[in-house]
Amino acid sequence: MRKLLSLLLALCLMLCAVSAFADVAADVEAGSAMSHDELLAKAKEETGKFVVAGNTSRIADAAEAFAALYGIETESNNMKDQEIYEKLESTTIDMVMIQDGANLLDYIDAGKLYNFVPAAVKDAIPENDQQPALIHQFINKLFIYNNKGDSVPAIKNVWEVTDPAMKGNVIFKNPTTEKVNMNFLVMLTSDAWAEKLAEAYKAWKGEDIELGEYKNAGYKWIAEFLANVTFIKSDTTIAEEVSQDTAAGKIGLFVLSKLRSSSVLTDNLTVAQYDATANGYTVAPFSGFMYPMYVMVPAAAKRPYTAMLFIEYLMSEEGFKPWGKNIGAYSSNPSIAPKEGDLGLDIWKANLVIEDPNYILDHIDVEDFITLYCQ
Amino acid sequence: MNISRMKGKVRAWFSKPANVILLVFLILLTVLTLYPLITMLLETVTVHLGREARLAKLPVGSKTLFHFARLFATSENKYSWITFYQPLLNTLAVSVSASAIAILFGGTVAFLVTRTNLKYKKFVSAVFTFPYIMPSWTLALFWETFFKNVMIGPKTSNGIMASVFGIYMPEWFVYGGFPIALVLGLHYAPFAYILIGGILRNMDANLEEAATILKTSRMRIIRKITLPIVRPAMLSTFLLVFASSMSAYSVPVFLGSPVRYYVLSTTMKSLMDSYKGQAYIVVAVMILFGVGILLLNQAVTNSRKQFTTVTGKSGQISKINLGKANRPIALLLVLILLLVAVVPLITFALESVIIKAGDYSLSNMTLDFWIGKDTTQWLDQGDSTGILLNPKVWSALGNSLGLAVTCSVVAGTCGILVGYGVSKRRGSKLASWVNNLSFFPYLMPSLAFGAIYLAMASGIPWLGGFLLMALAGSIKYLPFASRSGVNAMLQLSAEIEEAALITGVPWWKRMIRVIFPIQKSSFLSGYLLPMVSCMRELSLFVLIVPTSNWLLTTMLMQYSEKGWAQFGNAINLLIIIVVLIVNFTVNKLTGASIDKGVGG
Numbered sequence: 001m002r003k004l005l006s007l008l009l010a011l012c013l014m015l016c017a018v019s020a021f022a023d024v025a026a027d028v029e030a031g032s033a034m035s036h037d038e039l040l041a042k043a044k045e046e047t048g049k050f051v052v053a054g055n056t057s058r059i060a061d062a063a064e065a066f067a068a069l070y071g072i073e074t075e076s077n078n079m080k081d082q083e084i085y086e087k088l089e090s091t092t093i094d095m096v097m098i099q100d101g102a103n104l105l106d107y108i109d110a111g112k113l114y115n116f117v118p119a120a121v122k123d124a125i126p127e128n129d130q131q132p133a134l135i136h137q138f139i140n141k142l143f144i145y146n147n148k149g150d151s152v153p154a155i156k157n158v159w160e161v162t163d164p165a166m167k168g169n170v171i172f173k174n175p176t177t178e179k180v181n182m183n184f185l186v187m188l189t190s191d192a193w194a195e196k197l198a199e200a201y202k203a204w205k206g207e208d209i210e211l212g213e214y215k216n217a218g219y220k221w222i223a224e225f226l227a228n229v230t231f232i233k234s235d236t237t238i239a240e241e242v243s244q245d246t247a248a249g250k251i252g253l254f255v256l257s258k259l260r261s262s263s264v265l266t267d268n269l270t271v272a273q274y275d276a277t278a279n280g281y282t283v284a285p286f287s288g289f290m291y292p293m294y295v296m297v298p299a300a301a302k303r304p305y306t307a308m309l310f311i312e313y314l315m316s317e318e319g320f321k322p323w324g325k326n327i328g329a330y331s332s333n334p335s336i337a338p339k340e341g342d343l344g345l346d347i348w349k350a351n352l353v354i355e356d357p358n359y360i361l362d363h364i365d366v367e368d369f370i371t372l373y374c375q
Numbered sequence: 001m002n003i004s005r006m007k008g009k010v011r012a013w014f015s016k017p018a019n020v021i022l023l024v025f026l027i028l029l030t031v032l033t034l035y036p037l038i039t040m041l042l043e044t045v046t047v048h049l050g051r052e053a054r055l056a057k058l059p060v061g062s063k064t065l066f067h068f069a070r071l072f073a074t075s076e077n078k079y080s081w082i083t084f085y086q087p088l089l090n091t092l093a094v095s096v097s098a099s100a101i102a103i104l105f106g107g108t109v110a111f112l113v114t115r116t117n118l119k120y121k122k123f124v125s126a127v128f129t130f131p132y133i134m135p136s137w138t139l140a141l142f143w144e145t146f147f148k149n150v151m152i153g154p155k156t157s158n159g160i161m162a163s164v165f166g167i168y169m170p171e172w173f174v175y176g177g178f179p180i181a182l183v184l185g186l187h188y189a190p191f192a193y194i195l196i197g198g199i200l201r202n203m204d205a206n207l208e209e210a211a212t213i214l215k216t217s218r219m220r221i222i223r224k225i226t227l228p229i230v231r232p233a234m235l236s237t238f239l240l241v242f243a244s245s246m247s248a249y250s251v252p253v254f255l256g257s258p259v260r261y262y263v264l265s266t267t268m269k270s271l272m273d274s275y276k277g278q279a280y281i282v283v284a285v286m287i288l289f290g291v292g293i294l295l296l297n298q299a300v301t302n303s304r305k306q307f308t309t310v311t312g313k314s315g316q317i318s319k320i321n322l323g324k325a326n327r328p329i330a331l332l333l334v335l336i337l338l339l340v341a342v343v344p345l346i347t348f349a350l351e352s353v354i355i356k357a358g359d360y361s362l363s364n365m366t367l368d369f370w371i372g373k374d375t376t377q378w379l380d381q382g383d384s385t386g387i388l389l390n391p392k393v394w395s396a397l398g399n400s401l402g403l404a405v406t407c408s409v410v411a412g413t414c415g416i417l418v419g420y421g422v423s424k425r426r427g428s429k430l431a432s433w434v435n436n437l438s439f440f441p442y443l444m445p446s447l448a449f450g451a452i453y454l455a456m457a458s459g460i461p462w463l464g465g466f467l468l469m470a471l472a473g474s475i476k477y478l479p480f481a482s483r484s485g486v487n488a489m490l491q492l493s494a495e496i497e498e499a500a501l502i503t504g505v506p507w508w509k510r511m512i513r514v515i516f517p518i519q520k521s522s523f524l525s526g527y528l529l530p531m532v533s534c535m536r537e538l539s540l541f542v543l544i545v546p547t548s549n550w551l552l553t554t555m556l557m558q559y560s561e562k563g564w565a566q567f568g569n570a571i572n573l574l575i576i577i578v579v580l581i582v583n584f585t586v587n588k589l590t591g592a593s594i595d596k597g598v599g600g
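Line order of the protein sequences matches chains F and A. The opening position of the first sequence corresponds to residue 1 in our numbering, with each subsequent residue numbered one higher. The opening position of the second sequence corresponds to residue 1 in our numbering, with each subsequent residue numbered one higher.
Rather than coming from a laboratory, the hints here were simulated on the basis of the structure. A quick note: this is a predicted structure, and the numbers were derived from the prediction, not measured. Heads up, the beta-carbon is just placed ideally off N, CA and C, and yes, glycines get one too. Accuracy of the hints is not assured; some may be wrong.
SDA-like, lysine to any residue: derived pairs with alpha carbons at most 25 Å apart [what the hints assert, rightly or not]:
| # | chain 1 | residue 1 | chain 2 | residue 2 |
| --- | --- | --- | --- | --- |
| 1 | F | Lys233 | A | Lys356 |
| 2 | F | Lys233 | A | Ile576 |
| 3 | A | Lys78 | F | Phe369 |
Now the stretches of chain A that chain F is said to cover, found in silico as 3 or more residues with beta-carbon under 8 Å [said to hold, decoys possible]:
| # | stretch |
| --- | --- |
| 4 | 49-60 |
| 5 | 76-84 |
| 6 | 155-162 |
| 7 | 255-263 |
| 8 | 347-357 |
| 9 | 563-570 |
Hey, can you work out the whole structure from these sequences and the hints?
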């Protein structure tokens, strides 16, 4: 009898230990109110390797610097969103950086990911950028064109890239393989963007848009844009290809930060929005799109406090350096200025399409329409 | 009385190692192929978290036939047509053409090498297996970098053909169904070469001699005697290449995507991201094709008659004298082989040292992507050191080698045991079940096989990482080993083992001391083929690898998708060099070779 009791007790203790261990939600809540020193102390109590995964290659530099700063053994993995979701189920990851906001909402609702906003930056960051998930940075994909030859596609209106004469000259990554590209196109079918596109059409053609079978101007633009597009498998390759001397007349819609690579012939490229800002015009109604990179703590994290410490670090000027040292990355922390020579986040927010995860989730069926025109 | 007799019978049955082996493998293979299959089928009716649940408007985890209706019968936006039927048709077209190309090319070369006095035979037969040893995307990558030009595809830059020779190939030649089929056909041509060549080499000369005596013309002999004899081998090749081509993933990605040419494997991969249920249905369809092929193969070859091509009385076959045509044919062949097997390596070396794409001048070259300490000055992303100084690359190389060795040891040993069991109990139902089960994994497309292991592992917390990959690899490559195991055992006369049996030598000692040494080179071939295949495997592991940086091949795929061309090319070259070194070291040390493994 006594044996049985002690066995039961041991079992209870073990269960308690497990549930306490598993209760990352409570840790995250407690961590939200902690100062830097408190977080650090708690993180130092945790043991084992600290594992982070992110849909950005720069996470390796950030993790390395973090490890050196605090003496915490850190492993970083550069994975695509879907890989991260997949691995959340099977392996331990303590912190994630994810792009596709639409999927993220479902994972937050399902209790697989938790949002953590460090007390140190809570007041500084706009409310919109910390709920439902903290945004670490914005990344922009812009219309960038080759400026060689006689037929430079210096666009001032996005309808210009739908001109049949531009067929094959527009380069983009296949939206069916990269969700942020898909999200951008889905956003265009919203009433707000469709209206702006219809206005832009009128400004371009001088007459009202005729929709035909399309539900709104957004659908029409998507169909005609994709008909002109050639897909290339990565944004790095798009940047390199569009910048070639042999690529006159080509325009791409790709990540601005790819211009940092010296394998890209940057002198041959013009960023549409840079030109617009310098010469005082606007590209109607947008010059590209922008999407956030979110930072989150997985429910299965084994080192939640270290994860929170890392997120706090990433939100600081020091932690943003791996991205901020180049153009094309914008911290959601207003005290961190963009790279010199780049434009400010306010200009980008005014000129780019920004994804709204809720709208995208409510309009999943639009993806079929887009997929059709990717064939 | 009766019971004790029964007991005695059972005991006698179990006292034979062959019976025990077969029983163990029957259970093991059933569990490891059928169980994952069932979990996978369950996934096709389950609602998964994310876009899938939103679209189906059903709670996560509930059971539904929604995915089937969506994939097979959604006419809105032509969804089913573009996600399933069109890719299916493309897959069939590509696989059939690839098989035809493999047979035509491999068979012709096999005929020239075995039945004529062709020059440079040694070189031809040594280099011919190269394309199979190299990863299949090698040729695809080469094809694109070599032939791309500003008239086609994204129309932005020129490859070597256009920039150096000024020749602009048309789009159908560079991208789409034609190059995919051609590249796969060339990659699998060694199958045809080995299978058909094996029969031609060992064919009974009497048949042809009789015809010669009756003054039959050469062409007529080939048409009426040689072709009918190799027909079963041609069919086997056709089916093997068909099954392999159907699951090929990287080749269609490289050569199809730029012109929006999709096949089942590529749509399956992209469905896997957001619509798992439908992705698993595509997997099921691919497996159905595999099963169909197995049944067809059995029906046509009439329960694997291919063992009977070697007779005891095969005399020296007279070789056809190619005469004046000899040198031109030989040179053409050497040229093709150089183009397929050697030029790609040079291209990779070149592409891994240039800084700006398309500029092949010396000033645009650097060894930094191999040995540089800071590559960010050239390509400011990816890794900051050359691959040979990058610890990630070395650890991936270690993992790849470790996995390959593990898979080859497990698969190779199991193959010998299966071979022993099947040959000792030949003709029994049990033996034929085990034989078929051990061959079945071959017909499951690699990507599909990886997918069902992924589905199975998601319910078993301790099954993951290395263990999962080693398990998947060992089972997937078992057919190579079991085939060479069965064939080697069938050649062994029973009295060899009986002699040892009479003197009371225990079973394990008979295996190690008697049987293994005699058929050493055949058995070792059974180890070599899984090892080589595993080293260059991508499709099988792409879904179950812990992180992309874990294996060299998945790392390469990631780099290539990200567009870090120089690193990608360097790693690709590294993989090929390692595989070639492994292959030739094993070959020189033990006499084992790929030909024996595949051909049997």
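Evaluated hints:
The hinted pair formed by lysine 233 of chain F and lysine 356 of chain A meets the criterion: a straight-line CA distance of about 18 Å does not exceed 25 Å. Straight-line distance between C-alpha atoms of lysine 233 of chain F and isoleucine 576 of chain A comes to about 24 Å, which keeps the hinted pair within the 25 Å bound. Our distance criterion of 25 Å between C-alpha atoms is met by lysine 78 of chain A and phenylalanine 369 of chain F, whose separation comes to about 9 Å. With 7 residues having a beta carbon nearer than 8 Å to a beta carbon of chain F, the stretch 49-60 of chain A meets the requirement of three or more and the stated coverage holds.
Closer than 8 Å: that is the beta-carbon criterion, and the stretch 76-84 of chain A has 6 residues meeting it against chain F, so the requirement of 3 holds. Requiring three or more residues with a Cβ within less than 8 Å of a Cβ of chain F, the coverage given for the stretch 155-162 of chain A holds, as 4 such residues are present. Counting residues of the stretch 255-263 of chain A whose beta-carbon sits less than 8 Å from any beta-carbon of chain F gives 4, enough to reach three: the coverage restraint holds. For the stretch 347-357 of chain A, the stated coverage by chain F is satisfied: 3 residues place a CB nearer than 8 Å to a CB of that chain, which reaches the threshold of 3.
With 4 residues having a beta carbon nearer than 8 Å to a beta carbon of chain F, the stretch 563-570 of chain A meets the requirement of three or more and the stated coverage holds.
Checked against the numbered hints above, the structure violates none of them.
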